[in-house]
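J.: What follows is the residue order along each chain.
2 protein chains.
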Amino acid sequence: MDELTFIEWMRRNGAGDLGDDCAVIDCEAARAPMVVTADMLLDGTHFSLAEHGPQAVGYKAIACSLSDIAAMGCRPAAAFCCGALPRDISAETVREIFTGARGLCEKFHVAIAGGDTTAWRRGGRLVLSVTMIGWADGCLPIRRSGAKAGDAIFVTGRLGGSILGRHLSFTPRVAEGRYLAERGDVHAMIDVSDGLAADLAHIAEESRCGACIEAAAVPVAEAAVELAKSSRKAPLEHALHDGEDFELLFTTAPAADADLLADWPFETKLSRIGRIEAGGLAMIGADGSRRQLAPAGYVHKFGEDA
Amino acid sequence: MDELTFIEWMRRNGAGDLGDDCAVIDCEAARAPMVVTADMLLDGTHFSLAEHGPQAVGYKAIACSLSDIAAMGCRPAAAFCCGALPRDISAETVREIFTGARGLCEKFHVAIAGGDTTAWRRGGRLVLSVTMIGWADGCLPIRRSGAKAGDAIFVTGRLGGSILGRHLSFTPRVAEGRYLAERGDVHAMIDVSDGLAADLAHIAEESRCGACIEAAAVPVAEAAVELAKSSRKAPLEHALHDGEDFELLFTTAPAADADLLADWPFETKLSRIGRIEAGGLAMIGADGSRRQLAPAGYVHKFGEDA
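Heads up: the protein sequence lines correspond to chains A and B, in order.
Using numbering that gives the first Met the number 0, the letters of the first sequence map in sequence onto residues 0 to 305.
Using numbering that gives the first Met the number 0, the letters of the second sequence map in sequence onto residues 0 to 305.
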């Protein structure tokens, strides 16, 4: 599929006004500040086009960016999508990638407002790069750096084993993130992309603090149990260290945690898993023993390179 | 060079606050609206890392985006840079790419405010994707769609033969674009990336008009003359159809053109090359004959695929 055809096709199929060198974004002070996230996904690293199919790939490229906007407590507004296409990709495959991306954008009222497509001369694999902007709509964007000793630590959903499929089909926690920003009692937030332990370490590092979680409180996904059958690891290890859960991990003021659990209006599970402390990362086991929590996550491999 | 190391290195070396899921951009109504451009450059298509070297590659990735912002008459403000790195790339090469990008950003007071780096598991070539935002600072962004019959057509600089080196080292016409936006008498503008004829066709298409240029008025670059010695084409053909000049092509109201030429405060050459008309694209030759102007540009090839 040649590039001009694709841009024209995008325009006819609901992408924004792509007729200028730049997209023009109307800004109002009432919606400010703006947040921006940029991500690049590679075939064989973040997805396998051959294994997962083009619609799932387009969906994931948008969903990852939505999750970043959600983690700031903001409202996603516009996406800019760049793609490097294999020379031999079919027009139908490109359309399905776009269909997967557009469907999720529509669901969250995000405009595809610009982008760029280009093709490898030969031999290259698919690259998708999405930049997404969002608006704080009068709230303060929630940083990673605001956690304070004594804060309760929460996480949405269930963790671990996303490689069995959830990394392609997860629902970004946009509504949940927005709700938390509007409440105003969240101190720090991140989305779980590197793994619970690694992303908790990011909050701890940015906030210059430590954290202690309780093993029994970590919400373990069914997929983590399933994966443990073949991985020789415990389901909890998958919940702690698997990447790409795309759940929200956040901290609240000590006095606010009971109210938040009582008020929580979503079907999405919400778990209080520990407390922010001074010092390093620790976990209290089922037997009450306290041990250091390694901040390592690990990385998925797909397709022929797996 | 692993990814965490690179992000940390970027932070220490003057990139923006990369510690959150998104960059936070302060917006003021006085600077609105905002413009956004997204481009993706591939090794072997838009540059050759082996042939041109890493600093030139980083420079070009930023310069292309600056040129898009310039073509809207806006002030560039922040860049978001994503890179897919070959597995065997050296840390020194990555640093030099960043050095080339950062140097140009600093020159134009653009913050590197975010991004994402990832590495091919094996065999992939370098991909750089830059999204840049800019501000209209109270002017109206200049679209491609505003040209009117009777407008004078102008182009900055000299055209053709950029493949001999200028495509890597050009100075984006940011100051010139901003000056034109502040004057307020430019109807339509684009940067010459596909070639003069092809980009004039873009203005004509978006503005639902035609155009006629005079061959004798087209500013032909020295490089076009040089390239013509080996290409079996006339220098004018290179000026009309070579891509990646990154000059500004724009139209003004009929009454404004003499004033603009008289007022022009830049060393950058400014040429009045024709008029917007009804109908298609045409060119008047040196002999006074009028012929149709094909809107085709052509595409550079670099490195092993050339």
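If you're looking for bench data, these hints aren't it; they were derived computationally from the structure.
All residues carry an ideal CB built from backbone N, CA and C; glycine is no exception.
Do not take every clue at face value.
As the list claims (entries may be wrong) - Stretch by stretch, here's where chain B covers chain A in the computed footprint (C-beta under 8 Å, at least three residues):
1) 65-79
2) 96-107
3) 138-150
4) 225-235
5) 256-266
Unchecked claim - Label-pair distances were calculated between CB atoms; the ranges are:
6) A174/B with A257/A: 33 to 41 Å
7) E105/B with L139/A: 24 to 32 Å
8) K106/A with G278/B: 43 to 51 Å
9) D87/A with G183/B: 45 to 53 Å
10) T98/A with D258/B: 28 to 36 Å
11) D87/A with A293/B: 25 to 33 Å
12) E276/A with R86/B: 25 to 33 Å
J.: Against chain B, does the stretch 138-150 of chain A show at least 3 residues with beta-carbon separation below 8 Å?
T.: With 4 residues close enough to chain B, the hint holds.
J.: With respect to the beta-carbon atoms only, verify the hint that E276/A and R86/B lie 25 to 33 Å apart.
T.: The hinted range 25 to 33 Å is violated for E276/A and R86/B, with Cβ atoms some 39 Å apart.
J.: Between D87/A and G183/B, does the beta-carbon spacing fit 45 to 53 Å?
T.: 48 Å Cβ-Cβ, so the 45 to 53 Å window holds.
J.: Take the C-beta atom of D87/A and the C-beta atom of A293/B, compute their distance, and say whether it sits inside 25 to 33 Å.
T.: Because 29 Å falls inside the window, the suggested range holds.
J.: Is it true that E105/B and L139/A lie within 24 to 32 Å of each other by Cβ?
T.: 29 Å, holds
J.: Could you see if the CB distance from T98/A to D258/B stays within 28 to 36 Å?
T.: Violated, at about 50 Å.
J.: Within the stretch 225-235 of chain A, is the number of residues with a Cβ closer than 8 Å to a Cβ of chain B three or more?
T.: violated (count 0)
J.: Does the Cβ pair K106/A, G278/B satisfy 43 to 51 Å?
T.: 44 Å, holds
J.: How about the stretch 256-266 of chain A: do at least three of its residues have a C-beta closer than 8 Å to a C-beta of chain B?
T.: violated (count 0)
J.: Can you take a look at whether the stretch 96-107 of chain A is actually covered by chain B? Rule is 3+ residues, C-beta closer than 8 Å.
T.: violated (count 0)
J.: Okay, A174/B versus A257/A on CB: inside 33 to 41 Å?
T.: 58 Å, violated
J.: Quick one: see if chain B covers the stretch 65-79 of chain A, three-plus residues with Cβ-Cβ under 8 Å.
T.: holds (count 8)
Taken one by one, the earlier hints fail for this structure at numbers 2, 4, 5, 6, 10, 12, listed in ascending order.
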